[in-house]
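Visitor: Respectively, the protein sequence lines represent chains V and A. The first sequence begins at 1 in my numbering and counts up one residue at a time. The second sequence begins at 1 in my numbering and counts up one residue at a time.
FYI, nobody ran anything at the bench for these hints, they're computed from the structure. Careful, some of the hints might be misleading.
Unchecked claim - Partial list, derived from the structure: chain V residues whose beta carbon lies under 10 Å from chain A:
| hint | residue |
| --- | --- |
| 1 | 64 |
| 2 | 117 |
| 3 | 120 |
| 4 | 134 |
| 5 | 248 |
| 6 | 274 |
| 7 | 288 |
| 8 | 291 |
Unchecked claim - Partial pick of chain A residues on the chain V-facing surface, computed with a CB cut under 10 Å:
| hint | residue |
| --- | --- |
| 9 | 97 |
| 10 | 98 |
| 11 | 99 |
| 12 | 100 |
| 13 | 103 |
| 14 | 113 |
| 15 | 116 |
| 16 | 118 |
| 17 | 231 |
| 18 | 269 |
| 19 | 279 |
To be verified - Label-pair ranges, simulated between beta-carbon atoms:
| hint | chain 1 | residue 1 | chain 2 | residue 2 | range |
| --- | --- | --- | --- | --- | --- |
| 20 | A | 120 | V | 138 | 32 to 40 Å |
| 21 | V | 24 | A | 120 | 40 to 48 Å |
| 22 | A | 277 | V | 137 | 23 to 31 Å |
Idealized CB from N, CA, C, for every residue including glycine.
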Amino acid sequence: MKSLRKLDLKVIVISLIIFAILQGLLSSDTLDAFWELNMIVICINIILSVSLNLINGYTGQFSLGHAGFMAIGAYTGAVLTVNFHMPFLISLIASFITAAIIGGLIGLPTMRLSGDYLAIATLGLGEIIRIVIMNVNYVGGAAGFMGIPRYTTFAWAFFVMLFVVFFIKNYVNSSFGRACIAIRENEIAAETMGINTTVYKVLAFTIGAGFAGVAGCLFAHVICIAHPSSFTFLASFNYLIMIVLGGLGSITGSIAGAFVLTSLSALLSAWPELRMSIYAVILILLMFYRPQGLFGNIELTSLPIFKRFKGGK
Amino acid sequence: MSIMDQFFQQLINGISLGSIYALIALGYTMVYGIMKLINFAHGDIYMVGAYIGFFCITIMHWSVLPALLVSMVLTGILGVLIERLAYRPLRSAPRLSVLITAIGVSFFLEYTMMYFVTPQPRTFPKVLSDAAYHIGPFVVNNQQIMIFAITIILMALLTYIVQYTKVGKAMRAVSFDTETAQLMGINANRIISFTFGIGSALAAAAGVLVGIYYNSIDPLMGIMPGLKAFVAAVLGGIGILPGAAAGGIILGIVEALVSGFISSTFRDAAAFAILILVLLFKPSGLLGKNTNEKV
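The shape of chain A in the complex, shown without the other chains (with noise of 0.2 Å):
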């Protein structure tokens, strides 16, 4: 395989990665954007999507799309209540106090789930064959076409959502200014769940997806997807959609050559190093405006 070749088909395995990330980014920008919270728990939120859409194939041989979908809806109202129970009181403490709980809902999830499936991973059911596509100078399998389309439908009813519904607009005016937006009649409490829940059905959703593509599952896999989410919700600009999604894409790409050219262990290292250079040169993000901090 001559370097271009493996070039390309690194580009490849980076753009599908960099889907799932995108999914997950966009859930942790939103609600960063709207509750300025860092969700740690967001990548436990895609491990149970995971376990879900995992159970509803094995158990109920489910095939994947009813599975994606139940798992969604079921992760959303997962995500509604954590933020009912966890966030909600908090809405008032310290930033800080905030933190801290994310970090404690994110160790529940995991840990609940591990005494409930046992830390060993799980293989993921086959559910495509594995037939590969030669385009032009691209190899493509069954399951990176999937993540693509999956990945482009679910993000483009996501942009509908935001820009052109009521409840969309309403998100983006609690986002804008909380307050205001409450005196405009919006019940912010009612937004911030919405959001929630449609962040957490996207992280399940890249959860199943991630489970196909890799046929492996474990309940701590969400601990380092749901930190690089945030690297990419900082690389493209936090708070901002699009920038999430080309913040995913670009980490995906830049893990996937770091891993092909110079050594897999290197990759988590990547994402990192990405993080800081951003946070020292542009820390608004690719796609962020800077903002002057008033004093």
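Bound conformation, chain V alone (with noise of 0.2 Å):
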């Protein structure tokens, strides 16, 4: 456990000085506006997927419906900094909250459902919380939520990133994150153990919906605005992508799906039609030779080379 904390605490530092370096870079203007908006976008995208990583890969639910809990977080932020002049940090939180709670509900009744019938329901849900945010006229209905004051900067992205992060990480490595490995890999076997199923697997899903809404607000506060055109099942299609292309149930993974996948669609993003096309072929691809993804269920501070050389003596 302490060798664990030490080596939690290396993470730290090289994130520290990967976030020195680049910030460096951003207020000496060797990086523009392009950038620092690809690379506050790579933060939110990791959120994203390390959070439904925890729902898909570690938990085994298949859920389809991230984006959903995204557009509440993205709203309820709006709202408290435009209608209430709320700090950013107390919008996070309650973003947070809000997508927290909605997602638990939801997760209450669904989390009946496996398999296929999971996936379609939670992409049901997803996009019935998107058509009743468009007919609420209060939020800006069809046309979205307008006038957003641009809060996200790379250093709140980076470090609620940073910290999501090593939630994600401590939790599946608690007797938590033990109980939801437990039922992904056998769900009868892990009740006849003892384990209240229902209990870890909407706690998995509402922490992973309430990261997903931290996101949202992020992604409301940098592109200023809020349209329910963002959060249609396709952008849940796209951090699904991201954790498979990573590899399930592996948090490096995640970040190396959400980077990789990021920066090609910025790459791309003159030629939209091929990007998605390029997507799919990669994803296809995938599942004939490596379906479980780059790292599998591996991390990259597991692996020997890393622990000698950072946790050399």
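With the hints as a guide, bring both chains together as one complex.
Guide: Dropping the structure here:
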């Protein structure tokens, strides 16, 4: 346990160094606004993919409604900062709480379903959330919520991302996470061993939804508009592709998947159709040749090389 | 227009919309019944069918029926190819891999199509006059009659194939128990290909009919109907053909009533709400029987 904390500390130090370098490059205008936006989007996508991985990768519950919770967070945050002039941190916390509560309420009945049915039901619920928001005039209806201040800076996105990654990492390494993994491996066996599967499934779903809400809040405050069309199930598919590419059940994998695909889509942004076709082919080939994703369920920090490299005496 | 007239009107609209859902749902439920795969690409196969029909009518200047037939045949072949290239290599893979591949195939069809035909919607040519007929309280137009007629013919044909032909018997056997069917000398791969072919052809027919009915097609038109066909299949009891037809028509009617009496923006939400209610209260569907999970 002690060595684990030591390792954590090292990862944090390395992250801070990376952050300092990037922030330095941003402050000195070596990297322009386009780069800054993409770096923020990468951080937001890492939050989304890591939180989705908690539900899909670790607990084995196939959810396709992540964009719906992102929408809840985006709108909650926007309403608080614009209509109630709350500080950004309060908005972030409130978007976590709102998305988590709604996620929990939705999770309670739907977590009785499994496999394909759960996938379609969560997809449907995500769409229902979006359609309901679209019909609320208070938040701008179909035209979207405009005039959101641009509070999300690279620093905000990076530190929230760091917090979420460490939260989820510690969660899956705790007894809660062990229970989640047991459920993923065999739900009936886990139930027989005395694990209350409903509690753990709903809890994972709630936490995942909450962090999706935080990501949504960050997202709304960087593009300055919350529009229902940003949160369709295509967005949910996008995050699914990230975690499948990186590896279901690997936090390193989620980070890598979010990083690779966000960069790819930024590079190919001039040819949107081509981008999605390439996505699709990657996904299909991946399922043929490496269905466990780039990292499988391995973490970079658990590799012996990494341990010697940083954990050495 | 009185509320009652409006009700009957929405009922007719709902039944024509529902017939289209039913056609897509039949293919969905057959594929699910035989492979236990949610074929996310099914809605996109329907989109491809609509485009083939569109090009037959606008470029080749054919009339509706030959366009429909050509579209069904070509799309049927496309369905077989997709099964061959994307799903067959994963026959023994975990369900999740196949599901993700299906999402991949769906994206691939959508965006490759978009690359070639541009994302802009196309106006489907008017192939039928707008004549409307008053039958008692109902007002029916030409397009709706055509949709009913073609749907009923195709459903009858499908019922005949599944119930009375040898290949239909083999399909039922494979769907009941693939391994035992293979032991009995049935070539399961060929039967699965055949099922994909028929399902895709039905979806193509639905695509052309939608083009005629709504006068507009676009490369992403398949997403929602594809998901709704799944809802229809679940509503009727997945894997059960009459269930899919009934589910499709019920879904169409509910949607038409919701968009007529509440708000058209809520019609998609209504479909998903039905799905969740069915899954929670009668997961086996209206015509399904409960099965217990073996441990």
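Visitor: Which hints from the list above does the structure break, by number from lowest to highest?
Guide: none
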